[in-house]
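Peer 1: Spelled out from the first residue to the last, the chains are:
Protein chains: 2
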Amino acid sequence: MFELQAHHAWQHLDGLTKPSRSLGQLEGLACRLCVIQQTLEPRTTPRRLVLFAGDHGVVASGVSAWPSEVTGLMIQTIVDGKAASTVFARQFQAETIVVNVGTLHGFGNIAGSGTIAYREARVRAGTRNLDHEPALTVEEFEQALAVGREEARAAAQSGHRVVLAGEMGIGNTTPSACLAMLLGNVPLHEAVGPGAGADAAAIERKRAIVERAVARSRSVGPSQPRQAIAGVAGLEIAAMAGFYMESHRLNLTILLDGYVATAAALIAEHLQPGTAGSMLAAHLSAEPGHRRALEALNLKPWLEWQLRLGEGTGALLLLPLLDAAAAMTTQMATLASLQAAGGAS
Amino acid sequence: MFELQAHHAWQHLDGLTKPSRSLGQLEGLACRLCVIQQTLEPRTTPRRLVLFAGDHGVVASGVSAWPSEVTGLMIQTIVDGKAASTVFARQFQAETIVVNVGTLHGFGNIAGSGTIAYREARVRAGTRNLDHEPALTVEEFEQALAVGREEARAAAQSGHRVVLAGEMGIGNTTPSACLAMLLGNVPLHEAVGPGAGADAAAIERKRAIVERAVARSRSVGPSQPRQAIAGVAGLEIAAMAGFYMESHRLNLTILLDGYVATAAALIAEHLQPGTAGSMLAAHLSAEPGHRRALEALNLKPWLEWQLRLGEGTGALLLLPLLDAAAAMTTQMATLASLQAAGGAS
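In the order they appear, the protein sequences are chains G and U.
Just so we're aligned, residue 1 is where the first sequence starts under our numbering, counting upward by one.
Just so we're aligned, residue 1001 is where the second sequence starts under our numbering, counting upward by one.
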């Protein structure tokens, strides 16, 4: 079977009416998109953002600047269309679904004032505190993975071509740091950063907690990878991992967000090697461990804008540039046609 | 009169439902936009791209990898909607007008197959060769400035809020290098780069030519700034300068493109100090002199994607991110409303 490789894409891009490589990184982005979609006519629409929400027991150990209640409040803000993610999703025409995989309290059916869908699929009321015990059992972890898988299938069935996952979960940079260490070999001092605004004392606390939790997961042994991962995961993180795995299997193009999303990508790549081959890393987060975690996935970030909000915002901001890359690839005249028309030498 | 300053914008942005400054550079962009437009409700639509085209006598001295005929061929490609700039302009809803300020040959009325307007306002058939004599007389320079001014007035009259200028002119990084030296104090070895693909020998030739031309302009003396500038300018560059000056006067927000556009901005700021206060520098070009030229204007570039195509492409690529910055500023919920709704501490 013919495989479209990077040099095929470059051959096409270098034949368009512009000095060779004069669109810099946009051309690199276009090349990567062509290789992922295995075509010189890549498509970036329709696209869907799935926002996975969950709470984290470790918040009780003082790792976050915000209380867990904020997760629920933000879900309402998202559904109302007034959170950063939903503002950007509207701007860039990404259909949005919020999936509650496990906040402390459920919402039943909230319609909100917006047109953003909400689905309640809570596996449990937040994770256990990974400071004291494994955050999730293997069974709970698998259930959360399955929630994500279903969302990927639903996106594919609705004809979406590009998918984005975002997360909302106060405290979730702590499990992400554990996963970056466990699966991406990111060293402790880089893996643990300020997240959504922890101060120096909280970062020290967070570092000690992460170190202990990772040691516990490592002691589980390599024969039990799911148990080791589940012990330091989050419900929304596991769901994102399942979403990525199934999206890859269904040939959807995945736009990866920041640090928490990348922790989920590390799980996905570990459980289903090759998954990262469908991914574009939208941006390099301000969270210090992100660069190494992306390197572990062999991914290059495109925007370096010091974003650290989550909710899929970084992935959303790359979306119009991905559109431009696709439009450049498919809509520009070729140098050959220009020469035929008038004789550039 | 109340003046909206950066700290007013930050106060607003820090009160939105996100951790403070967690959207990184996008918040910086939003702050700058608010200050330029003097409002916390900035607007980025409608917007117009004006592409100024002109030829350069200095091409005869071998500074470019492309012959002057390409300027005309590219105008046709642009009007047909198949050049990079027009592909992006369509993608990001920027109305486009091509203004021919002085290519070697005119076109009369070309309708093309696209919906892009074309206006012929040729001041002369290309500039003189600045390697041997002043490129333009003061009168020609003033006429080209006036063409740009008219375009700014037309854009304002049509209700446009954001304006972009782009250029098409084989050989125009040579006058741009002269202007960067003359008006931005950029040193020779940085001012002269490869442009649209000159090789090492051509860069050496270009450097010697630029050095001589700048020395000639400097010898004109500071009492004759317009004569000094005209001697190393281009018709499309002068028109862009006039476009920027009048756009600033009419309170339009200016998205600045790459090196050639910045050379025009240096003229505009020199002739009408304060003009750069209406500008956002969309990107840092791969052309080595660009960083210093922007510094001379006290402008910070937003995208660093190694673009070097021109035609306004860099400015166009920032446009959706500027949209996102404006949407964030005006459409997100405030933390105060979130606290009222449910009690984040």
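In short, the hints are calculated from the structure, not lab data.
Check the hints yourself; a few may be wrong.
Unchecked claim - These stretches of chain G come out as covered by chain U in the derived footprint (C-beta under 8 Å, 3 or more residues):
#1 6-20
#2 23-37
#3 83-90
#4 143-150
#5 211-218
#6 306-313
This one's a predicted model, so the numbers in the text were calculated from it and none came from an experiment.
Ideal Cβ positions, reconstructed from N, Cα and C, are used throughout, including at glycine.
Peer 1: Now look at each hint and say whether the structure bears it out.
Peer 2: Comparing the hints with the structure gives:
A stretch counts as covered by a chain when three or more of its residues have a beta carbon under 8 Å from one of that chain; for the segment 6-20 of chain G and chain U the count is 5, and the coverage holds. Residues of the segment 23-37 of chain G lying with their CB closer than 8 Å to a CB of chain U number 4, which satisfies the three-residue condition for coverage. Proximity of the segment 83-90 of chain G to chain U, defined as three or more residues with a beta carbon under 8 Å from a beta carbon of that chain, is established by the 5 residues found. Only when three residues or more bring their CB closer than 8 Å to a CB of chain U does the claim for the segment 143-150 of chain G stand; here the count is 0, and the claim is violated.
Counting residues of the segment 211-218 of chain G whose beta carbon lies closer than 8 Å to any beta carbon of chain U gives 0, which falls below the threshold of three, so the coverage claim is violated. For the segment 306-313 of chain G, the stated coverage by chain U is satisfied: 5 residues place a CB nearer than 8 Å to a CB of that chain, which reaches the threshold of 3.
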